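Q: In order, the protein sequence lines correspond to chains L and Y.
Each residue of the first sequence is one higher than the one before, counting from 33 in the numbering used here.
Each residue of the second sequence is one higher than the one before, counting from 33 in the numbering used here.
Worth flagging that the hints you see were computed from the coordinates, not collected in a lab.
Keep in mind it's a predicted model, so treat the numbers as computed, not measured.
No distinction is drawn between identical chains; accordingly, a pair holds when it is met within one copy or between any pair of copies.
The calculated BS3-like cross-link candidates involving lysine-lysine, where the alpha carbons are at most 30 Å apart (straight line), are:
| no. | residue 1 | residue 2 |
| --- | --- | --- |
| 1 | K153 | K174 |
| 2 | K153 | K176 |
| 3 | K174 | K39 |
| 4 | K153 | K39 |
2 protein chains.
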Amino acid sequence: MTQQDEKWMREALREAQAARAEGEIPIGAVVVWGERVIGRGHNMTERLHDATAHAEMIAVTAATQSMGGKYLEGCTLYVTVEPCPMCAGALNWSQVGRIVYGAPDPRRGYSLFTPSLLHPKTVVEGGVLADDCSALMLEFFKSKR
Amino acid sequence: MTQQDEKWMREALREAQAARAEGEIPIGAVVVWGERVIGRGHNMTERLHDATAHAEMIAVTAATQSMGGKYLEGCTLYVTVEPCPMCAGALNWSQVGRIVYGAPDPRRGYSLFTPSLLHPKTVVEGGVLADDCSALMLEFFKSKR
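Whole structure, please, built from the sequences with the hints as guidance.
A: This is the structure we're talking about:
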């Protein structure tokens, strides 16, 4: 984990907070290329009535639009929670260079599955600002009980 | 396999042919509810520069818009080729009632992974009009060589 990683994870957390403000499960993501955010997104499944509208899917689609191509080899995706299998599959197709996530998801995370759902060249790091990321989730689910 | 299944798979094949006409990998999908197609899509990854723009993703999003809700429990998704993990994950989140696919995909199909990527309540049938579905794919990849 680098200082840069913390900086960009704070951007992903800002997206997660935007989701929370809209009554969505608070997960956020940004795609970074060099020193720039080229795609961002937060969970919008309720607002869009669309189970595919996860933070990572929105951020990946936005990033590929910025790049003008469907591959994200030189990019890093930051996301506040470990991606689900759908999002891992999307990240595989996009060949994203690196994935940095915050809180693990021991119930729905991609890492429960074999063989790996990610592209063999993608580097992964988990646990960046994990406490901040999971606090948002815990608070949300507590408020729903 | 029922006559209805063949009828709707021919609709999915029509979508796959539309993809072929646009120079895309020829995969098509429709979502059926009762006697109606409520979502359709074909692969658009090249045109949209978006690795997530698979036939199933587009059809699922369209269907949830038609339904006004994010769940597709009473619906069947017809797709010409076995879904990839990303699409299987999306179908899981949508809780689609049934999946009918044409050709298997022994290299990229969702069924290579454990535990299952699909929702436990989703019923699956493969091999409907499989020869027609795979002929489109073989012809496409032959033309690219």
